[in-house]
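Chains as they are written, first to last, in my numbering: chain A, 1 to 462; chain B, 1 to 620.
Since the hints were derived computationally from the structure, they do not count as laboratory data.
Even glycine gets a Cβ: it sits at the ideal position worked out from N, Cα and C.
Treat the hints loosely; a few may be bogus.
[As the list claims (entries may be wrong)] Not the full set, but computed from the structure, chain A residues with beta-carbon under 10 Å of chain B:
#1 44
#2 119
#3 421
#4 422
#5 431
[Said to hold, decoys possible] In silico lysine to any residue, SDA-like type, Cα no more than 25 Å apart, as pairs:
#6 518(B) - 591(B)
#7 224(B) - 379(A)
#8 218(B) - 260(A)
#9 96(A) - 127(A)
#10 314(A) - 590(B)
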Amino acid sequence: MKVAVVDYVEPSPRGTRWGLGGTCVNVGCIPKKLIHQAALLGGMIRDAPHYGWDVAQPVLHDWRKMAEAVQNYVKSLNWGHRVQLQDRKVKYFNIKASFVNEHTICGVTKGGKETLLSAEHIVIATGGRPRYPTHIEGALEYGITSDDIFWLKESPGKTLVVGASYVALECAGFLTGLGLDTTVMMRSIPLRGFDQQMSSLVTEYMASQGTRFLKHCTPSRVQKLPDGQLQVTWEDLTSGRENMGTFSTVLWAIGRIPETRSLNLENAGINTSPNSQKILVDAQEATSVPHIYAIGDVAEGRPELTPTAIMAGKLLARRLCGQSLDVMDYSNVPTTVFTPLEYGCVGLSEEEAMARHGEEHVEVYHAYYKPLEFTVAERDASQCYIKMVCLRKPPQLVLGLHFLGPNAGEVTQGFALGIKCGASYEQVMRTVGIHPTCAEEVAKLRISKRSGLDPTVTGWRG
Amino acid sequence: PSLLPLLLAKVHPPSPPLPERPATGSTSARVLDPRARLRACIDSHPVVILSKSTCERCAEVKKLFKSMCVPYFLLELDQAEDARGLERALSELTSETDVPVVFVKRRKIGGHGPTLKAYQEGRLQKLLEMNGSEGLPESYDYDLIIVGGGSGGLAAAKEAAKYDKKILVLDFVTPTPHGTRWGLGGTCVNVGCIPKKLMHQAALLGQAVQDSRNYGWKIEETVKHDWDKMTEAVQNYIGSLNWGYRVALRERKVTYENAYGQFVGPHRIKATNNKGKEKIYTAEKFLIATGERPRYLGIPGDKEFCISSDDLFSLPYCPGKTLVVGASYVALECAGFLAGIGLDVTVMVRSILLRGFDQDMANKIGEHMEEHGVKFIKQFIPIKVEQIEAGTPGRLRVVAQSTSGGETIEGEYNTVLLAIGRDACTRKLGLETVGVKINDKTGKIPVTDEEQTNVPYIYAIGDILEGKLELTPVAIQAGRLLAQRLYAGSNIKCDYENVPTTVFTPLEYGACGLSEEKAVEKFGEENIEVYHSYFWPLEWTIPSRDNNKCYAKIICNIKDNERVVGFHVLGPNAGEVTQGFAAALKCGLTKMQLDSTIGIHPVCAEVFTTLSVTKRSGGS
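Looking at chain B on its own, in the form it has when it is part of the complex (with noise of 0.2 Å):
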């Protein structure tokens, strides 16, 4: 809830005089003080008059600023919640005890006299500068605020730093329900994929450690690990990072400050800090890269006994037996790293795996995950969360429920993980102040192809986008490029296609380009080729472990002279593999072409370059 809802929409339009309109209604006086209250006012709007309704002198000013036709914020001490404390607080910030006092462009005109003199001679108008410019302040405190500063954000920073503009970046943390909190830096940093691909890489190191043996290293037969040592040297790292990106800000004279960024006005921001100190700024354009947080299940006990991936890299002991809820990539690359570590996981699935990625590939994965111990519940949501024993960890019951039908079943985790899906971070923001638009449903923005919002000078970027991928390196491109268009002059524009990607559960996944469920929809399954294979890291041999698990597959276009359309590969290192590969579908590859590449020997990856049997064909 903002302070101004209503008016200030309506302030903006430079001709019309605006009807008067007290500005009372259910501001939510009680979140702020007053000195803040008057604060953002007169910070938001290039016109203000505080006044009462019924006060003589006041109706005269405001009839000279309605002849004049400049729109005006009023504010009816009398009338609005709080009246005695804005009264308080008009004395206290402006030494005036008596109504009307008039602000122009954040500067205090005063009083009915000084205001009538400032219009006779002329002052007044020449700061109103009625030249068209809609009544906005002269100069802004920034060119550009930034409303997050993960991936995306920080990387506008940095780029449109480089055209020497003025840079805030708003950045806060929520505590999750179960605490956690964290430093600059964002999802990907802090809670997302350094922290998962580190924890990812510790589960390889088990296996390697077992592989080792076969390659002759004398290794003891049981080998310990030890989750305290692990999340201690992961957020050592993290907290490198954080430090690293401040220092960066710094340098590039970009201002940071740990605040929670909501829209009060046009061009105008509130900054909340931690301690509820809060500062209003203005800036020319505003970027909105807030991104996503975990969703709770709303049922009884979920954010009580829960944890989400939020708290889970920085989970101070060791989850022991574990439920992961869920089928995202998130929920299958924590079972998996779990696991991979010696965890007792289960996973409870509502349908499908990786809904969104080829199903075939999913299904692999999941098969695999399961040969390496992990369980599947599958068709089960749980209804309940209970705490048997409290403790680190302690013991909870867990009751859940068949998505056919009435049966329940009960099981007894140390830890439940929720991993069932993301909310965008839109819906605190006060984007209704200022006219935003998101989806009502999803909380997601909508954005033009040079990720506009429909108030032009708002941007977003990155996980909040509606209809976007969510990945880092996406929202560093979209944020990059943004930056350059803004400052510039560039005319590039963010490509959403053909964006690799790769899951890193055990068996790491990669993609790029569409799916085979896609493609088929796309071209009609007469129309497209699928060759495949599986394949054996030369690697695993010596282990002898997992023979035909890795496999690869693409998808070509037939009626595009078998133009690749998909590529997919799971096995080892399968995001160094897929990279190349994203960056030749750039250029159009074709199935031809990739015949006459030459392999190299011997990698996993150049099972590409002799893919020779069709699906179609039903060849092994």
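Here chain A stands alone, though its shape is the one from the complex (with noise of 0.2 Å):
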């Protein structure tokens, strides 16, 4: 198959720029988990001493050499794709594309030279970019986005992180873990879409490490001050009444807006959804001309998640290649949210699970524990807690898992495939225990919800 990439990176209103790689690459995935992990340093840093290490505290944090390290693994990672593609014949373009008609698109360099392509199959994965509250007097001109953190080559100091989205709460627990004075203000609820009893174990555990929480606020300003400072008022939502504090840096994390404005889809026909914007598309991520499809964060209905996308074009090009008829199966994508108390989750929440089925049908087994680890080193485990969702029928069909704390992706993924082999709960407890791990706190989920008993840890093993 001939096959060209054509990719292009428009800067950030803050002039921000990357390579080859999209957004988990350059400014999500990789870049958060590799400042996250920063951050859990720092707390085995302070745990250290508990184990005897003879670590004289606080130690301090260098934001330049951590941004300079993550920029240029990053980098490696642009470089890497690029070789890639060449070793594969795949010719890429750094252009930027829009449609001029439904097998033609115009490419512009970053210089202004157009350039044409035509294609038989055109596959549109432009993903999305942060959104800026535009309606709020000197957003644009003084915030941030999460595609502007990961480049910064100073540290962001005291940070206002304004949403409840997974990006703000990741942001906001790094940059706390770093050791910054951060608040994170949010209008409503935390991780829309999410478990909310999980969600809100997630914001304690940040309160408890140091995060401030402005619930029920909404901003309305930010000035800058005449020293640099960024002054921010904001409505109290409860009370009505105006508020007003000063940061060095505000991040917006409200939220993802495609990548389709650009593109002129009216030239080659494709619809989009009028609410978000997002392509339409069907089961085979063919969009409404059927040689055109989307895949990843501007698919309308799709998970905005990077392993998603990939197997998505994965499957998409065998079946172009007449490899294979299979589709995207998009139940049960398990995922990870990485705040300094990490939560993974596959399958659905408990509200879903109720919605769906009904509450007397639903039986939730659950369980708060403490890591063993967490014992020596005098850290308090009050959220660390564990939540099985369960058909209430015999043999009690697993619906959703939920597990908050340390390293939730590493143990979310097995029982990630647990659940699509169609586990029971009863398989699940006949699952042996690996002692001592924290996953093997999921095969002993013995309380259920209903049945009112204390589920918090006992020290009593078995």
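Fit the two chains together into the complex; they arrive one by one in their own frames, and the hints show the way.
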């Protein structure tokens, strides 16, 4: 197959730009997880003396050094992607594309030079970019987004994170972990779409680690003070009062918008959702124009996750080459939120399970637990919690698993597979635990919410 | 050695009256005072006649019981060892000075006169309850006596207590040759999983401190480790667990005695505490869960100068330069964390690493340890350990011999840690007294798939079982399920298949299902497909360490829809990764399902959703 990739990064309003690889590699999963790791290491440095290491506290953090290391790694990935494309004889164009007609796109280079490309099949995988609250005075001029934070050369200092998305909480989490004064301002609930009990435990833990929360507040104005600090004015929706605070950085994490507006989709007759602006697709990932496809964050109704985009892309390519007919299964996609206490989940939230099956048909097993490593380190484990949402009728099919604790992603992956294989509560309970791990607690969930028994850690194993 | 050998097993059968057999022989009276002997004897048998071989009235009483077809236990005082002691004990215990004295179901009937009278009045018959109850006590002291308060024993106790059963747990730690002892909870809590994982964590934190510099944390160049501080923290935590277990037993109304249990007769056990005080208890059922203890080499100086994992975790001084003898997971885990906290560590290996585990994985673990400074001396075994200098630690000279010939080498170490294997604690339990079979060679107890020994009222779980896994969660599961079967009408048996496990070497190793060797053996090489991949954890890229060391491998049965029969992972948090996959293996996971599962990005575990290279292909 003769393949060309057309990629172009429109600089962020603050002028940040990056190389080949998209959001995940440049301004998403990769730098986020690395800086999350930097923050976790800060915690381990504090644990180390409990375990006999002679580390003088407190240990200070150098943002510049970390950022350079992270950025160098990301650049090495950009390079790797380019080499891979070359090895596979995929033509790569660093141009900004838009549709001329349903088989032709026009690409414009940074310098303004135009190129026309035509193809039998076209896949749109342009993703999304952070949304700015342009109605707020000063938002665009003075605020940054996740497109910028990972590429900052200097520490952002005292930061206000606006939003309650996972991006907002992850960023606020690692900034706090690196020792920065961090405040999260949210209008309503944290992690909309996720299990709400888990979400509130996530923010509870963050608060215990020093992240400040301004709940039910919405910013109205950002002004730059003569000393360069940003003065933010916000309304407290509960009291109706107006408040003010000064920050070095304001980070907007209020959501993302799909990159469809500059594609001239109408030239090819591609339909989008009037609400989300995302491209409407069918099970084969085809748009309203049968030979044009859309995958990833830009497609309507798809989870905005790297591995789903990757798999959807692989399967689509195999179908286009006539290698297979397999279509992507979007059910039971596991994910992890890398907040300071990580949250891994797969399947239905408790709310969703209740809504779909009715409360009387759902059994929820749950437990608080204490990771072994927390004991000697004298860490608080009040929010380490696991919940398994099952059908009540034997054999109690597992509908969802929610895990809050260290290494949540590692823990969740295998169970995601179990759920894929149709695991029942009984089967999970019959799985022998691996001692001593956190994951073994999943195989020991014996207390149902319905029983009303205390799910807190007892110190008695078994 | 028990007080009353031979006779007891014979007393039991219901029908034929027993021939008279005096209780003499080689009973080790030295170990027991006569009162205890007598008490044990009375407590252990439904009918006991204390007699003298020459006494007429004694003969009449014996005749009476024979005529009733009631088996009895006979103690001929004049023929027993320490006859005078026994007579004195008799008068002290019963205020009887003359024989015969008859006991039925631990109750004194009395001498010749009172016994005949009781017979004439029918009281004796009533007491004997001659209704086929086999002459057992009307009621036992306990429903269940558990010998061994480790993971398995305590899990069974907890579960059985839910059903209002009367339970006794006997737990006693015989000190190591080094003098180390510990509290309730067994190996896992005191000298196994818990301290091991915590010290492994200490080593990981050492690595984290190194890594943190690359992530921008301003750490001084050298960071020292303080053994005493770590050990104290670990031991404090263990102390809290010991206490927690005692409280939990009390809350559940389970009786706990810090005493050594030995069977002295059917349904009877003797509990000896650390002051030598003995008590006899009866129970309807028994559970043996005594676990294992480290093996010694049997060479000059081993018990005097070497330590084992029983000592290491509470060692009151830093072990210094250490020789670890053995290639078991205990050996490699200990070597790993000792090296991780900065000690000079050498491992002496007789043959292969991690016998029984997938050898491909085992060798990768060894290589990684070697790259991280652990020295390996292969194909040597120590033949002598001498002390050069006493101290904390002292200095030891180890002489070792090549397994292939006569070549010997010498080395000097501060500490020699033996980790060459473990032996089941089954040989001093009086099992022969009640007829429980053990494997003579290994000391392990064969059981049915319901954890029942050849003696129906005696069960066994945990590390002492023959052919089963030596893992805490397995013992716990077995204990819980056993209690549920015994007392809650359950019929669910412990499933010993596809049990996941993790070795906490510096590079952790998680496994579930078959090793590659076992899979080849079971299905034939042509019928298995091995998918594998190296991976580099994202977190290790910034410090730029250990590239191409982490490794993922699955083994599929081609003829069964590429069902996954073995899962192996080498990398950080291997235990956390493996657990969920173990659940999936339980559900019959196939390669296709693995491929259609979405990864979680960016974590190590996601590598399993994108395995595409087969070993057969030779690709990378």
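Hints and how they fare:
The closest approach between the C-beta of residue 44(A) and any C-beta of chain B is roughly 4 Å, which is under the 10 Å cut-off, so the hint is satisfied. Interface restraint check: residue 119(A) against chain B, minimum CB-CB distance 27 Å, threshold 10 Å, status violated. Against a cut-off of 10 Å between C-beta atoms, the interface hint on residue 421(A) holds, since the closest Cβ of chain B lies about 4 Å away. Because the closest C-beta pair between residue 422(A) and chain B is about 6 Å apart, less than 10 Å, the hint holds.
With its C-beta approaching chain B no nearer than about 4 Å, residue 431(A) sits inside the 10 Å limit, and its interface hint holds. For the suggested pair residue 518(B) and residue 591(B), the alpha carbons sit about 19 Å apart, so the restraint of at most 25 Å is met. For the suggested pair residue 224(B) and residue 379(A), the alpha carbons sit about 22 Å apart, so the restraint of at most 25 Å is met. Between the alpha carbons of residue 218(B) and residue 260(A) the distance comes to roughly 44 Å, so the proposed pair goes past 25 Å and is violated.
For the hint linking residue 96(A) to residue 127(A), the alpha-carbon distance of about 14 Å falls within 25 Å, and the restraint holds. A hinted pair counts as satisfied when its Cα atoms are at most 25 Å apart, and residue 314(A) with residue 590(B) qualifies at roughly 20 Å.
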